[in-house]
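Student: Sequence order for the protein chains is A and B. Here the first sequence is numbered in the numbering used here, starting from 5 and rising by one per residue. Here the second sequence is numbered in the numbering used here, starting from 5 and rising by one per residue.
There may be inaccurate statements among the hints.
No distinction is drawn between identical chains; accordingly, a pair holds when it is met within one copy or between any pair of copies.
Said to hold, decoys possible - Straight line, CA to CA, 25 Å or less: simulated SDA-like cross-link-like pairs of lysine to any residue: (1) K26 x R158; (2) K400 x V119; (3) K26 x P361; (4) K273 x Q301; (5) K400 x T155; (6) K128 x L362; (7) K128 x L366.
Please keep in mind that the hints were generated in silico from the structure rather than gathered at the bench.
Now for the letters of each chain:
There are 2 protein chains.
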Amino acid sequence: MQADTFSLASGFAATATACGLKPNGALDMALIATDAPCSAAGLFTTNRIKAAPVIYDQDVLAANAGAIRAVVVNAGNANACTGPQGDANCRAMAAMTAERLECRADQVLVLSTGVIGRQLDMTKVAQGVASLTGPTAHRGAGAAARAIMTTDTRPKVAARTTSVAGKPITIAGMCKGAGMIHPNMATMLAIVTTDAQASPATLDRALRYAANRSFNRVSVDGDTSTNDTLLLLASGASGVRVSDTPEADDCSFDQFTVLLTEVCIDLAKQIARDGEGATRLVEIVVSGAQDEQQAHQVANAIARSPLVKTAIHGGDPNWGRIVCAAGYSGAAIAPDRLALWFGPADSRVQLVANGLPLDADLAAASALLRQDPVFITLDLGLGSAHTTVWTCDFSKEYVEINAHYTT
Amino acid sequence: MQADTFSLASGFAATATACGLKPNGALDMALIATDAPCSAAGLFTTNRIKAAPVIYDQDVLAANAGAIRAVVVNAGNANACTGPQGDANCRAMAAMTAERLECRADQVLVLSTGVIGRQLDMTKVAQGVASLTGPTAHRGAGAAARAIMTTDTRPKVAARTTSVAGKPITIAGMCKGAGMIHPNMATMLAIVTTDAQASPATLDRALRYAANRSFNRVSVDGDTSTNDTLLLLASGASGVRVSDTPEADDCSFDQFTVLLTEVCIDLAKQIARDGEGATRLVEIVVSGAQDEQQAHQVANAIARSPLVKTAIHGGDPNWGRIVCAAGYSGAAIAPDRLALWFGPADSRVQLVANGLPLDADLAAASALLRQDPVFITLDLGLGSAHTTVWTCDFSKEYVEINAHYTT
């Protein structure tokens, strides 16, 4: 979907501005605000080094998840490894925003992304917050999706609408992330909004389910960042309630969660496709595993193997590297039961059966690695569990982007 | 040390030949033979997909570690994922060699390295074995070290001599490996010889100690191969016995193991420095850990982070990526106790103290990342355990090499 025509769910308004945190003058702050307090849930990085806004947001949600009024975001500076000064700057950013919106600071969530280990320029942040809430702000969720980008080459947005007893509900989200991407919770910021009505506990449960099937299945480079944050905000503006025991006009928890998962998978795949230096999205299906955990181990080992990803980039049907990655994944593997295919389900080419190479058409196999998306299916032949993960190919541009990021 | 002037320990003779397994006509088979049966020990890949020669060698050593006569090696084909035919080809390679050397097949160890999933061309192998044992063979350990190379840019050899009660003993080894390198046991073949006299059990114990401080501390790309093998062969030709309870003329186990560890560290560092596309060796010291296991977790996370390695390549003092990798390593981390330095011990520059950036000279820090080797020291401030690992920088050439390996 195009960012230009993208809207958040009703009850939310977005603005963006350029305050100078990005040296090139691009949009670098965004604000998502609600008219009324809304419910929220969040998932955060598993990194032991947590950026100031991650710690701050966890506190806000613990105290106040039923009455959130805004999310303020800056790009260009991660506010990570910044110590007490960083914590104070994060709180100040929330307080400035709250003052403008006439709410309490503990109703404002803060997200930061960018370089680690530098203090935020609070003069610029103050100008940014003023601009975001003033007449000169760039309006609209598309501008906000652009403002949160770092090395992303394009804004990432997704929306789905469904009908509950004749009333529409919408889930609409944006995210950023292109490097330092790995489960759990990629260097990634994502803000998903809905006009459904739900308690923080219900949102939290739905969000965990959706994240485990979307953002936690994406790997770009195996690095898990200090700032990863996924937020879900519910305004209730549709008048439709999400319930575990739905009455006539309610949305069932399952219906809501399926829709949320669709939005999150859409966003997660956009992150993988826009991996730093990537030219193609790669979808890896591992089937025939003893259990889902083992399917994940195998799929993740393949998804993060630089040897697999460079081979895909070159269109080199070097399937031995895929089998090798499965072998060192730690999962149970019976070498003589492996089967491997390249290509989409309806026209796939089998390269390996019973662990042995088939006399496959390697030119056709190479062509399938040059399509976008690339599909790789590995069956372990041991059980019925399966999983899907997404990654990207690995090009010289990844090195180019990352060899000179701060300099 | 130069391969041209390199010799194995006394009691061993090496030859090399080109039989056509490498399409460019370079040396691609090597033979290390002994006059008399010798003691041996081996360590092998932890990958669940094990190449035919790995399984074969494990059987040979289980049955016959006290009477090994030769190691025959081919490059250009890994004989991995080749099923029963691959097993038969491996046994045939051993049998051909044994026939030439007038020993039993189960006294011959076999090593293979190269592309996965293709059957060995046994006509070429037979020609190779004949040539290795005939008058036209290239003689000398330097030629053998060249023959076992794949994407290596240079042969890798190391030797140390010490004196025991006035008698010299030597440990001399060669190895190959440049990609698919990660603990445990890198895509790497290493053959270490000594003229000391030791039982297989003593060799095994010494080899495990040495490998854990050398080859198991090297990472190039996080991929663990199907073929990794480290062999230690002892001819006894020096007349000096290695003993746990040394008498007058014996070498103590500790003295032998220290010497062996030195040789293995020398070889392992050569592998890291010659990582595919690498321009510099990187030595990472993690100190102040609660225990050695946690020190390893942190050091390995840093060593395999593409973001850290690309930053080093670009001379970008982006230390946040190092701290970030420590954070997601899984080890205990107290963010406000971290200290970080770049550069060798006698002239290092501190960038982080108590988890916060210092006002360091970033130009000087960048210069330290452009030296070879690069030294990175991270102190966790939690205890007294420490470790050292080796890796390399990550350049565009890695992608270039690996995008078109089989095609």
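Student: If a hint holds in the structure, say so; if it does not, say that too.
Tutor: For each hint, the structure was consulted:
{"no.": "1", "hint": "K26 x R158", "result": "within (16 Å within a copy, 44 Å between copies)"}
{"no.": "2", "hint": "K400 x V119", "result": "both (22 Å within a copy, 23 Å between copies)"}
{"no.": "3", "hint": "K26 x P361", "result": "between (50 Å within a copy, 20 Å between copies)"}
{"no.": "4", "hint": "K273 x Q301", "result": "within (19 Å within a copy, 30 Å between copies)"}
{"no.": "5", "hint": "K400 x T155", "result": "both (15 Å within a copy, 18 Å between copies)"}
{"no.": "6", "hint": "K128 x L362", "result": "between (61 Å within a copy, 22 Å between copies)"}
{"no.": "7", "hint": "K128 x L366", "result": "between (55 Å within a copy, 24 Å between copies)"}
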